[in-house]
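**Student:** Taken in sequence, the protein lines are chains Y and S. If you count the first sequence from 1, position 196 lands on 196 in the numbering used here, and the numbers rise without skipping. If you count the second sequence from 1, position 148 lands on 148 in the numbering used here, and the numbers rise without skipping.
Just so you know, the hints here were simulated from the structure itself, not pulled from any lab data. Hints are not guaranteed to be accurate.
Stated by the list, open to error - Derived coverage of chain Y by chain S (criterion: at least 3 residues anywhere in the stretch with Cβ under 8 Å from a Cβ of chain S; other residues may be distant):
#, region
1, 10-18
2, 248-257
3, 262-276
Said to hold, decoys possible - Which chain Y residues stay away from chain S? Per the calculated CB distances, all over 10 Å, these:
#, residue
4, Pro31
5, Asp34
6, Leu37
7, Leu55
8, Leu79
9, Trp147
10, Gln155
11, Ile158
12, Leu214
13, Phe215
14, Val222
15, Gly240
16, Pro241
17, Gln243
Glycine included, C-beta positions come from ideal geometry on N, C-alpha and C.
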Amino acid sequence: MVKRVIFRERLLPYLLLLPQLFIIGVFFYGPATDTILNSFLLTNPFGLGWKFVWLDNFIYLFARSEYLNSFLVTVVFSLGVMAVSLGFGLLFALSTHRVTLGSGFYKSFLIFPYAIAPVLSGVMWLFIFHPTIGVASFLIRSVGINWNPLLDGTQAMIVVVLAAAWKQISYNFVFFLAGLQAIPLGVLEAASVDGANAFRKFVSIVFPLLTPTLFFLMVVNVTYAFFDTFAIIHAVTNGGPGQSTNILVYKVYADGFIGLNLGSSSAQSAIIMFIVICLTVVQFRYIETRVQYEMT
Amino acid sequence: MVERSPVFDVFNHLLLILAVALVGFPIYYAFVASTLTLEEVTQVPMPLVPGSHMTENFQTAARQGQMIRVLGNTFVVAMSVALGKIAISILSAFSLTYFRFRFRMAAFWLIFVTLMLPLEVRIVPTYDVAANLLTPINWLEKLLFIPQITAWLGHPMQFTVKLSMLNTFPGLILPLVASATATFVFRQFFLTIPDELCEQAKIDGAGPMRFFWSIMVPMSRTNMAALVVILFVYGWNQYLWPLLVTTDPQMNTAMIMLRQTMPGANDPQTWNLVMATALMVLVPPAVVVIVMQHWFVKGLIEGEK
């Protein structure tokens, strides 16, 4: 945890920490504390008045079908994003790991979407699935399905899941590839000598050795789906049509900045904080297993 | 590798070509749209080969969106976020690894917790801080129940102090600097540096800051390069925070401008211009990632350990 050889200065370490602690104090701990405090208050949106209402904000939230709907939407959305981006990320990593010819090209091509902003992905996919001029909409309509993601909730969900997952494939790809490269060749060779075919090796060796990576990526992807996708929802659907893509983080924004309901918005933030902290704790319980297959 | 059957190789290549198509199609499609006229782009289906109006569209989009200013603003924000985070993080990491002092573990955990909660969950109060940097004083007032107490004492007293950072670069940048990803990257790296190095420096009479500047900073170059890529992309792609703190068009950033170019249902469907804007805002981070791919991948994987 600490070096054996250290410096003896007394004041200097505090001075070195000061800029970081100051910034996180003002822009992290202050606001986070205020969020928690506000979640117990009822604030007048037009003035400075407020009163302490204990858990009323939370009780009120969970009594509303709107909030429960937002929870459900977030679960569906996150699972969708995870399934698509982890699935394709793993598939592409497995293939890239196996080919030798052109693997550099494939790698670069599959890594560069990391640079794509969520909102950019949202705009591009909306264009592809645009109700009147999108090329995908044209194809879907030609098989007789009435396609309009701006009016149909399920279709809107499909578009935002695709937009969010597409951008995230490259992140998962990088980690799966690193995980695959860390698997010792000897183990796989031994399995071959024992007569295992490719499928058997994947099920019995490769996949189990990738599970730490998978757990880690699941947590990262949930966090991504919870927060970073705000831009996609804001640009593509605005939470609609009819609340069908109103994920939790979008609702915090909509209630806090459009609805000016500070107490409710803060209570929602506090709930999301709680969920994310739980997820992070779960992740750290797996960190021990993960370090075993350290990637280089 | 163990399996080397040609059939399997062909299958893998086919799959990867499919992967490239899946990843590349939206970008190709956007590129084609950016080269078409308004009539062509609203045709159903839109042509899939590039047209001849690329320069024109890019010029129009650049002019309408004031893209030079917008890209400049975004560059300032992304670079400052990257360099700011690196600067404060390397100092705190040095402090946490090379000194032993009271509250060291407390400081460690204070910094660590910031990794968990992104800006999005504390968005309303963070906005309050940006709208008024002196908000902590007002919080203090609230926490100490000063209005209530003074009212009860018979002399109602309530004060507010104000210093706004809305529509300023510090307002855009500082809240994005307030997390600790980079601190842990540097800390991990410092822990791997052999103790002999520090011992030798001390024998040669170097103080801690001399050791820091002459040895630690130069040795951390690779980590810094990786962090610059990751944090630059992070800063460049920010959406929610700029959406809130910038109302002045002069302060627009790339992603907000992209959102603003999207036509509403009743506007002319100028998707050719939207896609031209989209490509303009995509190019800078994409170039950074491609050029620095090696460091970036290394840094990404090690940073998350």
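**Student:** List, from low to high, the hint numbers that the structure doesn't satisfy.
**Tutor:** 4, 5 and 6
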